[in-house]
Every structure is written in structure tokens, then in C-alpha cells.
Amino acid sequence: MSVFWHSALRRPKFGRDQQELALLYLACLAFSLLLAMLLIHLSGSSWTRAVNALVDGAFQNPGRWGETLRRTAPLLVVATGSVVATRAGIINIGQEGQLLIGAMGGAFILTLVQPGSPLMLLLGLAVGGTAGAAWAGIAGALWYWRRVPIVLSTLLLVYLSSQIAAYTLTRGELLLNVVPGEPNRLLLSAKVAPESRLGIVQIFGNRFPLSVPVALATALVFGWVLARTTWGFRLKALGLNPRTAQRAGIPGVRYGMSAILVSGATAGLAGSMMLAGGESQYKFSSGFASNVGWDGLLVALVARNSPLVAIPVALVFAALRSGSTFLSVAGIEAVLVDVVRGLLVVALFIPPAISELRRKRRAAAQLTERT
Amino acid sequence: MQFSKAGNFGEGAQAPSPIVSLKSITKTYGALKACDDVSMVLHPGRIHGILGQNGAGKSTLMKILIGLVGPDSGEIRVGGDPVRVSSPQHAADLGIGMVHQHFSLVDALTVWENVVLGDRSARLDSRRARELVSMIGDRYGLDIDPDANVGQLTAGQRQRVEIIKCLRRSPRVLIFDEPTSVLTMEESKQLFAVLRQVVRNEGATVALVSHRLGEVLESADDVVIMRDGRVIAEMPTSGTTPDELAQAMVGRKVRLRSSDAHHMRRSTRTNHVEVVLRMSDVSVASRRGGVDLDGLSLTVRAGEIVGVAGAEGNGQRVLVDVLSSLRGVTSGTIEVAGTVVETGRAGAMAAAGVGVVPEDRHDSGCVLDMTVAENLVLTSIDQMSSRGALNFSAIRESAQQMIQQFGISCPSPDVPMWTLSGGNQQRVVLARELSTKPKLLVAAQPTRGLDVSAIEYMGNRLREAANDGVGVLLISSELDEILHLSDRIVVIYKGAIIGETPNDAVDMARLGLLIGGVA
Amino acid sequence: MNNFIFDVLTDGPLYESTFRLAAILAFAAAGEWVAERAGTINISIEAMLLGGHFGAAIAFTASQNFGVAIVVGGLAGMAIAALQAWLSHFLTADQFGIGLTLNILLLGLAAFLQPSFDLNTRLAGVLSIPLLSQIPLVGPALFGQRWPMYLIYGLVPLSWWLVARTNWGLEVRAVGEDPQSADVSGIHVNARRRQAILYAGLLSGIGGAVYLFGQVGRFESSNIGGKGIIAIAAVIFGGWTLRGAVAGCLLFGYVDALRLNLPTILGYSLNSQLLASLPFLATVIVMMLFAKLTRQPVALARPFVRGLK
Chain D
1 MSVFWHSALR
11 RPKFGRDQQE
21 LALLYLACLA
31 FSLLLAMLLI
41 HLSGSSWTRA
51 VNALVDGAFQ
61 NPGRWGETLR
71 RTAPLLVVAT
81 GSVVATRAGI
91 INIGQEGQLL
101 IGAMGGAFIL
111 TLVQPGSPLM
121 LLLGLAVGGT
131 AGAAWAGIAG
141 ALWYWRRVPI
151 VLSTLLLVYL
161 SSQIAAYTLT
171 RGELLLNVVP
181 GEPNRLLLSA
191 KVAPESRLGI
201 VQIFGNRFPL
211 SVPVALATAL
221 VFGWVLARTT
231 WGFRLKALGL
241 NPRTAQRAGI
251 PGVRYGMSAI
261 LVSGATAGLA
271 GSMMLAGGES
281 QYKFSSGFAS
291 NVGWDGLLVA
301 LVARNSPLVA
311 IPVALVFAAL
321 RSGSTFLSVA
331 GIEAVLVDVV
341 RGLLVVALFI
351 PPAISELRRK
361 RRAAAQLTER
371 T
Chain U
372 MQFSKAGNFG
382 EGAQAPSPIV
392 SLKSITKTYG
402 ALKACDDVSM
412 VLHPGRIHGI
422 LGQNGAGKST
432 LMKILIGLVG
442 PDSGEIRVGG
452 DPVRVSSPQH
462 AADLGIGMVH
472 QHFSLVDALT
482 VWENVVLGDR
492 SARLDSRRAR
502 ELVSMIGDRY
512 GLDIDPDANV
522 GQLTAGQRQR
532 VEIIKCLRRS
542 PRVLIFDEPT
552 SVLTMEESKQ
562 LFAVLRQVVR
572 NEGATVALVS
582 HRLGEVLESA
592 DDVVIMRDGR
602 VIAEMPTSGT
612 TPDELAQAMV
622 GRKVRLRSSD
632 AHHMRRSTRT
642 NHVEVVLRMS
652 DVSVASRRGG
662 VDLDGLSLTV
672 RAGEIVGVAG
682 AEGNGQRVLV
692 DVLSSLRGVT
702 SGTIEVAGTV
712 VETGRAGAMA
722 AAGVGVVPED
732 RHDSGCVLDM
742 TVAENLVLTS
752 IDQMSSRGAL
762 NFSAIRESAQ
772 QMIQQFGISC
782 PSPDVPMWTL
792 SGGNQQRVVL
802 ARELSTKPKL
812 LVAAQPTRGL
822 DVSAIEYMGN
832 RLREAANDGV
842 GVLLISSELD
852 EILHLSDRIV
862 VIYKGAIIGE
872 TPNDAVDMAR
882 LGLLIGGVA
Chain L
891 MNNFIFDVLT
901 DGPLYESTFR
911 LAAILAFAAA
921 GEWVAERAGT
931 INISIEAMLL
941 GGHFGAAIAF
951 TASQNFGVAI
961 VVGGLAGMAI
971 AALQAWLSHF
981 LTADQFGIGL
991 TLNILLLGLA
1001 AFLQPSFDLN
1011 TRLAGVLSIP
1021 LLSQIPLVGP
1031 ALFGQRWPMY
1041 LIYGLVPLSW
1051 WLVARTNWGL
1061 EVRAVGEDPQ
1071 SADVSGIHVN
1081 ARRRQAILYA
1091 GLLSGIGGAV
1101 YLFGQVGRFE
1111 SSNIGGKGII
1121 AIAAVIFGGW
1131 TLRGAVAGCL
1141 LFGYVDALRL
1151 NLPTILGYSL
1161 NSQLLASLPF
1171 LATVIVMMLF
1181 AKLTRQPVAL
1191 ARPFVRGLK
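Chains as they are written, first to last, in our numbering: chain D, 1 to 371; chain U, 372 to 890; chain L, 891 to 1199.
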């Protein structure tokens, strides 16, 4: 078990290298926060009010913890899937689309089957995961069959997915909720059948859906799978050196495809869990994904591709999101969090990149020693 | 076209070459002293041979001279003035040029584009560049088409481009790093003729870095012998014998053709019964049109070492790739221990009992970012797990065993692979492949880049494996290695095996012809 | 059916729309082409376009001068390119991760800052080239546009000349094909890569500015919406030749033009989501058909550190 934690947390020793790294992280974080403060100031608001609003919205006010936790779940699930893909050396950046398609697929079961039931909930989640996997699978197929770069196809599929979702919301026979007698100004689906909704957990006045423990379990399970199974081992070899992996008998197509499908399935599951867990009042809309897919990717990037580290990182990102709903009350654009997020991520790219550069330089010096 | 500060190209009388002197050059990489207080003087109008095994320090020394690496201490003087060579560009300005072992040419560009690559001028004058290539080519007998695409050229032609690229800067000091490793014997002779002309007619200085006794004796005027980073001896080549040089190189009495090896080979000949590899008329189509392997037929028996000799670039890489299931064949069959194996399917060859120690271990032999233990169990991971879950204690145990058995030097099995030295990395790869008890072991350039003791170790290990009944296919462009280890020698040329000879009475002339393509 | 084909081929406005989008794509594609020849892939082209778009809007609001605004747009694109270049090819941050993050960051930044600036922009004047713009069908499309659009006619040949006819371009190509050999030949590999990315940023930034003054007239953060990605697809579709990339831009421009003009040609409205999907669908299909045949720079997307292959 200790090996599991070790490999997941990357052996935190506190030598000089690690100290340097920690200092770099602090410096970059501080710098990005300063930039954020500057931006807030430029836009004419006070940064103290911004911080207060964020903290209130994320934790302080009663019940807000629950909101933060609720938002953590899909971020964590998407991030976990992204870690799996990256482990195999696959660059899947289309989770936003896969999440949307997953939510859409789930919506067909969850909103249309009335009355619902726990069985329908499970079915809805399964359909969501499968739909997300299939959407990602298209990109995988295009690569292995026709050499279309996955990074491009997944991106293009994101744009396509929003059109498809929008389409299903224009047709009453699909997802559009037609209320007789009322003009359809808002393109929304029906609400998820009450019996098909995810159960709510209530602790100390905070309410959050069961998607939270499910997400936690997903992260832990995949953390274990990646570190302790042959599948995870082979995936790692494939991602680090595909040629050696193939010499060692690891079929690149099969393992790569499985990684892509897993990353799509997690995104799709995240989307359908969002719907069943109460996102946008249990109604599916074309903007349903609301950048959760993109954020999940960023979580994975910041977490240096470890599912365990993704847990606290997802929490921080979720806190920003739930905090942002309070910003408009303080007279600040909610989009601010998008900027802060972006700045944070860029800043957090720097420290590991610097230490990676140093490590590579040392390795190169070693490798050329005997020629 | 730039005229280098060192001389005007194409003019008649030229300034005398400077004397290049290196004094007390030391360079340390971690715990290893690549160069240890090295001193030598290069005189104009002479071809100096710098002889030593892999790891003797000669390549590092040249890298220092050419500005790719900086020395820890010591002094370099060019024409009496102390200099610090800061970059290849600076070296060129000083009049020092190098023709690299693994060419520094960009395949996708044409000959003339490669020749002017790295030039400081802003505009690209293709006409003058073409003229330059033709002029230098004519002057030195280096025939090449300026508009040819470098990727389509043979190794010999590429070397010509490399030489033209070097000569363009009118260097007064020319360094050749292992120039004949990719050439046939005929091409080598042509090269030495060019060298002699450069030296006699231009009064330039040539330093020929090599580990091949024969060619140094033939082409150089005097030889400096390096071992373990130090200069061991210097002598003119006219009075020396190969055995003397060999002894100085290796540090003990060596017979070039070890009689022990002979003895071992003879005694195992009676075990040659089962055919472990039979390749019948195998062809592999090239991605660029044409063929990489052209009706190649080959047999290897259990317990024998078959050496595949031939200059690099004649299909060896593709042969190894096919035997590692990295590429499929377009026609012909491959049988391992009597069963036909499907080519191109990952793991098929390994499952059939083929182990491969590939030529470039970093590229496809090991995963540098994984630990030593992970690399050791890479192919046998299924045995180290139960129902999909990894059994870490089994992995550790197995790794420890292999580390001990193969003498792999590492602080623990959990260190990353990239921290190991080249020799130890090669041991890991060998350990991994041998631990699967293969029927056939393919070893491609197994001692490239290794030091003397590592080379010896690899050779012994291969011999041991053969004695244990494994069929060994040794692919190497080092003729000495082939001669030292093989029971039977085949020659590969342009993707096919064109000749074969047992290794007890080798007709070197015939072998040379075969390697050059004359069957 | 014949009638339909005839209508589609002879519809003047269709060609005008085609050229309008194709030109914007071409700014980004020409720039990214140079960057990809150097061996880098920059999905942050999207952010560079947006940066130029936004920067030009702000600059015009302040100066009411088109020239100044276009230059500022170019510089804004370069600033973003500088981030991508420095983080990925000086430090070793993953170029895809950085590209993605920059796109998200820019989008958020633009949306956040927009209300703070009371943006006041307008379209530039139409400059019809006499005689040439009279050519039937394609005349107005190619020579009857607003004047900033004509910048593309200079920048595409400039890009070609830089890569094919200068020493810098030769080194860029070497760096993209075989950085190890280029390094040994004395070329600063990562410096060339960074410069190529900066060039891409300059062109994309200008493209974003031209988009503002030559087509939309008003800044919205959603205006760029995927054009950067399509530009990258155009480079790949074109087999990493500039001609091919331009052809790709024309193709994708045509498909998007169909989206805008098909209803008027046909006389009835097609499904709006289907139409909006057309450019992206077309890109995916085109890539599917052609990606296999293309020849990419060998070192594409492989970061360079001396001594390691």
C-alpha cells in the first residue's frame, strides 16, 4: 500500500530540489494573485470585496460548502479521466464536448422517462458514460484509422457537440420540454424525474448529491488502478515510450483506445451526474457543460496527472466556481474567476517546467558521457 | 559565401596551418573522468590518428576541441595563442572543422541546403551555393549532385556531403570522428585518398579519431593511443604492429582472435541441431517506395552465434524491427523454433521466444523514465501479477535477482533508468531479454557506446547464452566484434544476405568484397 | 438539381463570404504554417487571434486610427505567442497544455475586461480596386473588400519568402525536420522555434484586427469561436505547404459561406444547427480523407533538449 501512496504523491522528500520547487510554486502563485488583484482594480472594483465574496460564496455562508462539494464532483471525475488518457500519452482535450454529450444521453433517460426510478437513474448514468465514451471514441478511431491528430479532432468535436445538443433542444420529440399554452422562449428539457435523481446527503446544514462520494471513489479507484494493475503499468509504458512498449508486446491500438474510451466515459458520466445531481435545476440546456470540461482538464494539468492530487485541486477550482456566484452581488463580473483560474494555471505551469528542464539537462549531460 | 577567417578558399598559396596544442585537458562527468590530463599536439601537414576503445575519451576530447563541450581545466592553443572554443561556430572561425560520426545532415533538405546550413549570412543564394558544392566536389574528388535530396543518398554519399560541408569553411584543422563505421572497404579507401590530398596539397592538419586499428595504421602518419581518459602512448605508425597497438589500447596482452573463443565455439558445434530461426525470402516494402528487405533468407541454430556483418544502412534496422514485431513483412515467412510467426503484431515474436537487445536502447530498448525494476519486468509483467493486480514483492524479488545475476550497478531497483550508465542500461536490457528464456536472442550493435569492460561483459554474456542453447543473432557494423564472437558470419547488403562464411578461416579479402556488395 | 448547382456556383455573395472567412483563416494559417515548419504546434493560435481582435478594439477606441489599431493587434498576438514560446520552448511546459490554458485564459480575460472599456469601433471603408473588381463572380470577392482585408495579399507571399528564400527560413525548416543535426550545425534550435511562434502570433494578431475592421465591426469575445483550430486543420490538410494551407482555408471558408448563404440560395431555411456544424464537420471529414497522405515535419511537436533525441 505504501508503494501506492508513494507513486501517487511522487515521493515527497524535502531535499534541496524540493525546497526550490516549493519556493517557485509560492512565488508563481503570489505573482498570479497579484496580477489578478491588478485586473480587478483595473476593472474598477475592490479586490478585498472580491475575495470576501469568493470566500462567502465558497465556504463561509451557510450551506455553501455543499455547493462547493457539489461542483467538485464533476471536475474530479473529468480530471481523473484526463489523467488516464495522459498516462497513455494521448492528448484528449475534448472533455467539454464529451461531458455535454454524456449529459445529453443521460437526459434522454432521466428527463423523458416519467415516472422515474432508481433503476432509471442508473441507466441514465450508464447511457451518459457510454455516450461520452463513444464521442471520444470517434476521435480515437479517426487517429488509429486515418491518422487524424487526436488533439485536433477532440477540439472540433467539442464544437460539433454543442450544435447537436442545441438541436435536440429544438425538437419537442427529442429533449425540448414543450409546455402547452406557453411560448418556448427558453430551450430547456423537462426536469429529471424526481425518482431518478441522485440522493442528497445532508451534513451540518450542507446539502450535496451522491455524485460527491462517487467522484471521490472514482479518483481513488483509478489512482489505484493506474499504480497497481498491469493495465495501468502497460499504459504508463505506452505513454512514456511507445516504441519500447511495442517491442515489449504492448499493443498500442488496444491500450490507447481503452484509455481514450475511459477518458470519454468519465466525462460523460460527470455530465449525467451533474444533471441527476441538480445542476441548472435538473434541466438540460445547450450550455449545460458550463466549462466544467475545460476546468476538469485544467485540474488534471495542475495536479500533474495524479488522481490523488486532483482531489484538492478540484476542490479549489470548485470553490472558485461556487464563490463566483456571489461576485455579481458585490458588483464584480463573475467571469473574473475564469481569468483567475487561467492565471493560476499558467503560473503553476512554470515551477515544474523549470525543474523538469533542470532534470533533463542533467540527464542529457549523463547520456553523452560515453560516446 | 562566407570566407572564414582562417583562410581564403580556392586561392593558391596559403598561410601555414597553425599548430594546435592541447594541454592538460580534463573533463569530468559526475564520477567519471572522461578526459584526464590529456595533452597532445597536432602538426600541420600530417594525419594524426587518435586511437582508443569506446569510452577512452577520444570523442569527448574532440567535442571539446570543436566547441560542443567545455573542458573543466586545461588549455588549448591554436597557432600559439590560447583560446577558449565556445561553440562550433567559434571553432569554425578558428579554422577547426569536424566531420561527425553520425552525420549532422537534415534528410529533408537538399545537398546544397545542408552545406550552407548554419551560415551567418541573411540571404540564401542558391546559385552560389550550388557552385560552391560543385567546386569543392571537383577539387577533392567528392562527386555529388547539389540538388539531390540528402534523405535519398547512400551512407558514402552522405559522408561526402558532410565533408564538403566541413571543407566549405576552409578549415585548417579537420577532425574525422569514426569516419568509416558506415562505409564499405572500398569507400574507406576512397576516403583516405581524399584525406591525403587535403593534407598534402593544402598543408592542413587531420585528426582521425577511431577505434579501428587497421584503418589507423593504414591512413595515419602517427598515432596517439588513449585509454580510460588518458594518453597512453604516441608513436609513428610506420614502425608499429597491430598487436602492439591493441595491447596499448586495452592495457593487457590481447590476441586479436582469442583462441579461447575458438575453443568454445568448436566444443559447442556438436550442439547445433535445432533451427531456432528460419527466415525465408523475406521482403519488407519501404514506406518511401522500394524495399527495405529484399528476399532475405537466414537461419540460426540453437547454440550458435551468427554474426551479421555489413556497413550500416543495409537493412539491419529493419531486420531487427521485424524480429521485434515492430514491422510486418510484405512477403516471405519467419519461423521461430519451427512455428511460423505472424509479423507486425505486437508481442508475437516475443511470445514465440525471440528476445531483442535493440541498437538504440533509449529509443526502443528501455523506458528511461521508469525505474530499473519496472524495466526489468517490462515483458514479464503478467507473471508478476495475480488477476490483473501487480504483485510488488514479486517484482522486487525478480528485479533483485536479475540485478545480482547480471551485475547491474545501481543504488536500488527503484531508481529511474536514466540515472544508470550506458553499460548498466545495456545490462538491464540484456537481463530482461534473457530472463524470458528466449530461443533466439537478437543483439543489434550491442556494445555501441560502451566502455571496455562493458564490451567484454556483453561478449561473454552472449557466448554464455549460446552455450546454454540460445541461438544468437549478432548484428554489428563492427567487424572486429563479429569476428571475435561469431561461429558463422553472414553479410547483409541492400536488404539481402549475399554471402556466408564460417568463422574459422575467414578470407578477409572476400569478406571485404561481400560487405562492399560484391558477391 | 442542376439549377441548384448552377445557383451555388454563380452566387456572387457566396464567393464574397468565402473569401471573407478564408482570408481571416489564412492570416492564422500562414503564421501557424511557419511555426509548424519549425516543429511546433500551437493551439493557442485561437488566443492569438482573439488577442489581436481585442487589442485592436481597445487601440481603435483610444486612437480612432485603423493603422495604429492593426499594429497593436499584431503586437497583442505576439505577446500571447511570447508566452507560448517561452513556456514551451525555453522551459519545458507541454505545448498543448499551455495552448489550451492560454485559450481559456484569453477568453475569460476578454469577457472580463470588455465591460471596462467603452469600446467604440467601426468597419473600415470599402476599397474597390478599379477594373479588377469588375471581374464577374470573383471580382467583388477578391478585390471589392474593405481595405484591411488586402493585407493578406502581402502577408502570405511574405511568409513564403521568409521560409523558402532566407537563411532564417532554411534554419527554421532544419529545426523542424532534424533539430539534433541543426543544433550540431550551430543553429539555436529553440530560439528559431520561438521566433517562428512569434511570427505566427504577429500574423494571427493582425488577422484578428482585420477581422474586426474588415468584417464584424464590433468586438464580441465569441467572434473568433474556433477559427484558430480550423486554421491548424488547414495547415495539416495542406500537407505543410503554404499553397495547401491556403487551399484549405478557401475550402473551409466556402463551407462556412454555404452556411450563411444557402438559405437565401435555396429560398428556405435549413436547420440552423446543421449549418453551424458545417465548417467543423467539413474539417473533420477533410482531415479524415487527407491526413494520412500528408508529410509532416519530422520533429513536429517534439520538444528539443540538447543531447536527447
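It should be emphasised that the hints constitute simulated quantities derived from the structure, not laboratory data.
Since the model is a prediction, treat every value here as computed from it, not as a measurement.
One or more of the hints may lead you astray.
[Unchecked claim] Label-pair restraints from in silico Cβ distances:
| no. | chain 1 | residue 1 | chain 2 | residue 2 | range |
| --- | --- | --- | --- | --- | --- |
| 1 | D | 41 | L | 1009 | 16 to 22 Å |
| 2 | L | 1178 | D | 254 | 32 to 38 Å |
| 3 | U | 658 | L | 1178 | 41 to 47 Å |
| 4 | L | 1162 | D | 41 | 52 to 58 Å |
| 5 | D | 31 | U | 494 | 38 to 44 Å |
| 6 | U | 658 | D | 254 | 54 to 60 Å |
| 7 | L | 893 | D | 280 | 42 to 48 Å |
| 8 | L | 1185 | D | 207 | 42 to 48 Å |
| 9 | U | 526 | L | 1191 | 45 to 51 Å |
| 10 | D | 357 | L | 1108 | 42 to 48 Å |
| 11 | U | 516 | L | 893 | 55 to 61 Å |
| 12 | U | 514 | D | 16 | 45 to 51 Å |
| 13 | U | 494 | L | 1162 | 37 to 43 Å |
[Claimed, not checked] Derived, one-sided and incomplete: chain U residues facing chain L with beta-carbon distance under 10 Å:
| no. | residue |
| --- | --- |
| 14 | 454 |
| 15 | 458 |
| 16 | 459 |
| 17 | 480 |
| 18 | 484 |
| 19 | 492 |
| 20 | 495 |
| 21 | 497 |
| 22 | 501 |
| 23 | 511 |
| 24 | 513 |
| 25 | 514 |
| 26 | 536 |
[Said to hold, decoys possible] EDC-like mimics (lysine to aspartate or glutamate), calculated; alpha carbons at most 16 Å apart, straight line:
| no. | chain 1 | residue 1 | chain 2 | residue 2 |
| --- | --- | --- | --- | --- |
| 27 | U | 865 | U | 683 |
| 28 | D | 360 | L | 984 |
| 29 | U | 394 | U | 407 |
| 30 | U | 560 | U | 549 |
| 31 | U | 560 | U | 518 |
| 32 | D | 360 | U | 490 |
Even for Gly, the Cβ is constructed at its ideal location relative to N, Cα and C.
Going through the hints against the structure:
no.: 1; hint: 41/D to 1009/L: 16 to 22 Å; result: 20 Å, holds
no.: 2; hint: 1178/L to 254/D: 32 to 38 Å; result: 21 Å, violated
no.: 3; hint: 658/U to 1178/L: 41 to 47 Å; result: 21 Å, violated
no.: 4; hint: 1162/L to 41/D: 52 to 58 Å; result: 41 Å, violated
no.: 5; hint: 31/D to 494/U: 38 to 44 Å; result: 43 Å, holds
no.: 6; hint: 658/U to 254/D: 54 to 60 Å; result: 23 Å, violated
no.: 7; hint: 893/L to 280/D: 42 to 48 Å; result: 46 Å, holds
no.: 8; hint: 1185/L to 207/D: 42 to 48 Å; result: 58 Å, violated
no.: 9; hint: 526/U to 1191/L: 45 to 51 Å; result: 29 Å, violated
no.: 10; hint: 357/D to 1108/L: 42 to 48 Å; result: 43 Å, holds
no.: 11; hint: 516/U to 893/L: 55 to 61 Å; result: 56 Å, holds
no.: 12; hint: 514/U to 16/D: 45 to 51 Å; result: 58 Å, violated
no.: 13; hint: 494/U to 1162/L: 37 to 43 Å; result: 53 Å, violated
no.: 14; hint: 454; result: 17 Å, violated
no.: 15; hint: 458; result: 6 Å, holds
no.: 16; hint: 459; result: 5 Å, holds
no.: 17; hint: 480; result: 6 Å, holds
no.: 18; hint: 484; result: 6 Å, holds
no.: 19; hint: 492; result: 6 Å, holds
no.: 20; hint: 495; result: 5 Å, holds
no.: 21; hint: 497; result: 9 Å, holds
no.: 22; hint: 501; result: 14 Å, violated
no.: 23; hint: 511; result: 20 Å, violated
no.: 24; hint: 513; result: 19 Å, violated
no.: 25; hint: 514; result: 23 Å, violated
no.: 26; hint: 536; result: 8 Å, holds
no.: 27; hint: 865/U to 683/U; result: 10 Å, holds
no.: 28; hint: 360/D to 984/L; result: 14 Å, holds
no.: 29; hint: 394/U to 407/U; result: 11 Å, holds
no.: 30; hint: 560/U to 549/U; result: 14 Å, holds
no.: 31; hint: 560/U to 518/U; result: 26 Å, violated
no.: 32; hint: 360/D to 490/U; result: 29 Å, violated
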